[in-house]
Amino acid sequence: MGQEDDHSQYINGELGKYPIPQNRMHKLRKDEVALLEKCGHWLEALAQGKITPYRPAQERFVAVAKGRCEPKTNFEWLWVKAFPTRKRDDD
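Position one of the sequence shown corresponds to residue 11 (our numbering), numbered consecutively onward.
Treat the hints with care, as some may be off.
Using 16 Å as the maximum straight-line C-alpha spacing, the simulated EDC-like pairs for lysine to aspartate or glutamate come out as follows [as the list claims (entries may be wrong)]:
no.: 1; residue 1: Lys-91; residue 2: Glu-80
no.: 2; residue 1: Lys-27; residue 2: Asp-41
no.: 3; residue 1: Lys-76; residue 2: Glu-54
no.: 4; residue 1: Lys-91; residue 2: Asp-41
no.: 5; residue 1: Lys-27; residue 2: Glu-42
no.: 6; residue 1: Lys-48; residue 2: Glu-24
no.: 7; residue 1: Lys-60; residue 2: Asp-16
no.: 8; residue 1: Lys-27; residue 2: Glu-47
no.: 9; residue 1: Lys-48; residue 2: Glu-86
no.: 10; residue 1: Lys-27; residue 2: Glu-54
no.: 11; residue 1: Lys-91; residue 2: Glu-54
no.: 12; residue 1: Lys-76; residue 2: Glu-86
no.: 13; residue 1: Lys-37; residue 2: Glu-47
no.: 14; residue 1: Lys-82; residue 2: Glu-69
no.: 15; residue 1: Lys-91; residue 2: Glu-47
no.: 16; residue 1: Lys-91; residue 2: Glu-42
Across the chosen pairs, the derived CB separations fall in these ranges [said to hold, decoys possible]:
no.: 17; residue 1: Gln-58; residue 2: Gly-23; range: 17 to 23 Å
no.: 18; residue 1: Lys-27; residue 2: Lys-60; range: 15 to 21 Å
no.: 19; residue 1: Thr-83; residue 2: Glu-47; range: 16 to 22 Å
no.: 20; residue 1: Asn-33; residue 2: Glu-69; range: 25 to 31 Å
FYI, nobody ran anything at the bench for these hints, they're computed from the structure. In this text, all values refer to a predicted model and were calculated from it rather than measured experimentally. For each residue, glycine too, the CB sits at the ideal point set by N, CA and C.
Use the sequences and the hints to build the structure in full.
Written as structure tokens, this is what we have:
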């Protein structure tokens with residue numbers, strides 16, 4: 011299985027909507043909720059190292075999720091906004 015195949019299992023919808031914690035819902039706009047419900051499983055898998063980034067933008071997202079960079083893209087801002095207290099480390 012290639013890296014793209016590894017990613018597809020998280021972004022093809024088989025896992026259903028990403029469960030957004032209720033205490034975070036009021037912090038997100040409707041469009042952000044929709045994007046996180048659609049892509050949250052994939053973003054979480056990247057952030058937690060379950061899948062390996064194979065594009066520079068994905069590598070950067072991981073760095074942002076770990077607190078190594080400031081967010082710039084919509085995905086990066088969404089993740090930080092949705093989960094501001096998630097553990098960020100330098101490993």
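These are the hints, each one checked on the structure:
no., hint, in the structure
1, Lys-91 - Glu-80, "holds (12 Å)"
2, Lys-27 - Asp-41, "holds (14 Å)"
3, Lys-76 - Glu-54, "holds (12 Å)"
4, Lys-91 - Asp-41, "holds (13 Å)"
5, Lys-27 - Glu-42, "holds (13 Å)"
6, Lys-48 - Glu-24, "holds (11 Å)"
7, Lys-60 - Asp-16, "holds (9 Å)"
8, Lys-27 - Glu-47, "holds (5 Å)"
9, Lys-48 - Glu-86, "holds (15 Å)"
10, Lys-27 - Glu-54, "holds (13 Å)"
11, Lys-91 - Glu-54, "holds (14 Å)"
12, Lys-76 - Glu-86, "holds (11 Å)"
13, Lys-37 - Glu-47, "holds (14 Å)"
14, Lys-82 - Glu-69, "holds (13 Å)"
15, Lys-91 - Glu-47, "holds (14 Å)"
16, Lys-91 - Glu-42, "holds (10 Å)"
17, Gln-58 - Gly-23: 17 to 23 Å, "holds (20 Å)"
18, Lys-27 - Lys-60: 15 to 21 Å, "holds (18 Å)"
19, Thr-83 - Glu-47: 16 to 22 Å, "holds (18 Å)"
20, Asn-33 - Glu-69: 25 to 31 Å, "holds (30 Å)"
Hint compliance for this structure: no hint is broken.
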